[in-house]
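Using the sequences provided together with the hints, build the complete structure.
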Amino acid sequence: MIQISNLHKSYVMGSNSLHVLKGLDLDIDEGEFVSIMGSSGSGKSTLLNILGILDDYDEGSYYLGGRLMQGLNETKAAMTRNEMIGFIFQSFNLISFKNAVENVALPLYYQKVSRKKRNLIALEYLDRLGLKEWAHHLPSEMSGGQKQRVAIARALISKPKIILADEPTGALDSTTSFEVMDILKEINDQGKTVIIVTHEHDIAAMTKKIIRLKDGVIEEVIKNGELQMFKDRVRTE
Amino acid sequence: MFDVDVWQEIFSTIKKNKLRTFLTGFSVAWGIFMLMILLGSGNGLQNGVKEQFADNSVNIMWMWTGETSMPYHGLKEGRPIKFKNDDYTFLKEKSEDLELVSSRFYLPGNIMYTYKNEYGSFETSSCHPALKEMEKVVIVSGRFINDLDMTDFRKVIVIGENIRKALFKDEDPMGKYVKLNNVPFKVVGVSFDKKRQNERTAYIPVSTAQRIFNGADRVHTFAVTTKMVKTAEEAEAITERVRQDMALRHNFDPKDKRAMGSFNMLTEYIRTMKIFQAIKIFVWIIGIGTLIAGIVGVSNIMLILVKERTREIGIRKALGASPASVIGLVLLESILITTVAGYIGLLFGVSIMEGINLAIEQMLATGGGDGMFFRNPTVDFFTAITSTLILVISGALAGYLPARKAANVKPIEALRDE
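Read top to bottom, the protein sequences are chains A and B.
Anchor point for the first sequence: position 20 equals 648 in this note's numbering, and the numbering is continuous, going up by one each time.
Anchor point for the second sequence: position 38 equals 1257 in this note's numbering, and the numbering is continuous, going up by one each time.
Everything labelled a hint here was simulated from the structure, so no lab data went into it.
Think of the CB as a built atom: it goes at the ideal place given N, C-alpha and C, for glycine as much as any other residue.
Among the hints, erroneous ones may be present.
[What the hints assert, rightly or not] A few chain A residues that face chain B, going by a derived Cβ cut-off under 8 Å, partial list only:
1) 677
2) 702
3) 706
4) 709
5) 723
6) 725
This is the structure in C-alpha cells:
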C-alpha cells in the first residue's frame, strides 16, 4: 500500500536549513495497523504530512497504492487526499457551525455527491458509531469522545484506503482513548490500513506494528510477535 | 458553486460577525447612496436648465438691426440698416447653415384687440409658418399659420389662451372675427404655453401684417434655426457666416454689433451642457472614490475572515477541497456582501430622489415652483444597471486578495495553528 524509499525532507528557515527526514525507507502493506512513535523533532509529524499528501518531499519516492506521489498540484493533491486518505486529528477539527451529519458528509461534498444522498450516507456512518441521536447536534454540544467518533465517521465516509490518525487520543481521557482505539481496531479488522502517530506507549502498544523514528530515520520496527516484549518494556520504563 | 452548502456557509459566517458585516456593508451602501444622490442632483440640475431652454428649439438664432456704429467702405457711421423680404428669400434659399427661417414685422403702435364688447391690448407676433416649430408653439385647437395664409395674404390669427379667455370668455373662438385696430382677423387657432409666457401673444402671417399695416417689404427681425452642430465653436462660426452674408448685402462691417444684433441659442446651449458634462464626471469621480473606500472596507473584513477561518480552510483542504472551491467561497461571500449592501444603498438613493421628484412635480402642478432650476432629479435605468455591475465587480475585487490568501493556506500549518 505504501512504499517509501530514501525519503528526504528539509525545511528552510531563513538562512538555516533543517534536515528533518534523512533517507527514510518504509513499507506498509494493505491492512496493517501501524503506529509511528518518536520524540518531538524525530520527524514523525513531517512523515505524517508527507504520507497525507499535505506536504511535498525533496528526494526519494513515495508510492501510495501503486501511484507515485510527487509534485502534484494542489487540486490533484486535494483529490487524491479525498479519495485515498481519511484523516483523524488530535483536536478533532470539526467545523464548528456544521452539525454532526454535515461534518461527516463534507468529504462527499467535495466528491460532488448530492446533499440529500450524502447526508443519508453520513447518517448511516454516524449510526454505525452509535451517534445517531447526535446527528443534528453541533460539535460544541458534544463530548470529546463523541467529537472524535464524528471525526472518525468523517474519515471513513469517502471509503479511503488508509486512515491517518495524528494523536487521535491526545485530547481524550484514558477511558475514551481506549474506546477510540477499539473503533480504530475494528476499522482495521475490516481491512483498512490504519496509521497512527502517537507518543503514548500504551496507545502504540494496541497497534500491530510500531515504527520508532529518531533523527529522521527509522530507529526500530517492532512487529507483531515482539509486541509483548515491547509492552513489558514499556511497563518497566 | 451555487448550492445550498455554499450559501449556508456564507450565511453562517455572516451571522457570526453581524456587526462587522453590517459596518462594512454600510460603507459600501453609503458609497452607492452618495453616488445616486449626487448623480440624481446633477441630473436634476441639468434637466432644470434644459427646461429653461425648452421654450424654443435649442438651435434657434435671432437677428435684428440697428444703426451702424463703424464706418465701412467709405460710408459713415450712424446709417440705419433695414432687413427686407429679399433677405428672407436669401436666408431661406441661399444660406446652407440655416434650416428654418421666419421673419417678423413689428406692428406699429399699440394694437387694440376687440371682440363684441370685450377689448384688450396684446402682443402681436407676425411670422412665417416655420415659427411654430422654432418657438415650440403648442396649438390646443384649430391650426397655426400656414403657407396659403402667407401667399393669399389672409387675415387670420392664432390667439394665445389668455387672449381667448379675455375676449371670448366661454364662447368658442374658432371662425369668429377679432378686430385688430378695426381690421377684422379670423381666428383659426388657439395656442397654449405651459410656462404661460406666450399666452398673451397672437400670431398673424407676416405677409398680411406688412400689407395691412403699411410695412411694404420691411422686416424687423429674423428667427432662424441653424444646423445642429456639436461644439460651441462651430455654432459661433455659423453666426459669423450669417453675419458676413448680411453685412455684404447691407454694406456694414461684419464686426459691427450695433448695425446687426444676433443671438445664437445653440452656442449657449452647448456651453451649458458642457458644464453639466464636467459636473457629471466630477460626480462620478467622487462617487467612485466613496465606493473605493467601501471596497477597501470589504476587502479588509474578508482578509480578517480568512485569517480567522484559516483552520477551517485547512480542514477543508485536508478533506479534499480544491483551491478553486476555497477561492469561490471567499469571492462569493465578498460579492454577496457588496452587492446586497450596495443594492440597499442604491434603493435608498433612488427612492429619495424619486421622492424629491414627486414633491417638485406636485409643487409645479399646483402652480408653485416657478423658475425652478431643479427638475426630474432621478437616475436613469442605465446608470442604475451600470452601478449594479460596478458593485459586483467591486465585490470580486474586494474578495480577490483575501481569496488568494485563502487559497494559499497550507493545510499542515492551518491544522497545527492552535
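Per the CB criterion, is residue 725/A less than 8 Å away from chain B? At about 4 Å, which falls below the 8 Å cut-off, the nearest Cβ of chain B leaves the hint on residue 725/A intact, so it holds.
Return the status of the interface hint for residue 723/A: holds when the least beta-carbon distance to chain B is below 8 Å, violated otherwise. With a minimum Cβ separation of about 6 Å from chain B (threshold 8 Å), the hint on residue 723/A holds.
Any CB of chain B closer than 8 Å to the CB of residue 677/A? Holds, because the Cβ-Cβ distance from residue 677/A to chain B comes to roughly 5 Å (cut-off 8 Å).
Do the numbers back the hint for residue 706/A, that is, is its least Cβ distance to chain B under 8 Å? Hint holds; residue 706/A Cβ to chain B Cβ min 5 Å, cut 8 Å.
Let's test the interface hint: is any C-beta of chain B closer than 8 Å to that of residue 709/A? holds, 5 Å
For the hint on residue 702/A, just tell me whether its beta-carbon gets within less than 8 Å of chain B. holds, 5 Å
Violated hints are absent here; each numbered hint is respected by the structure.
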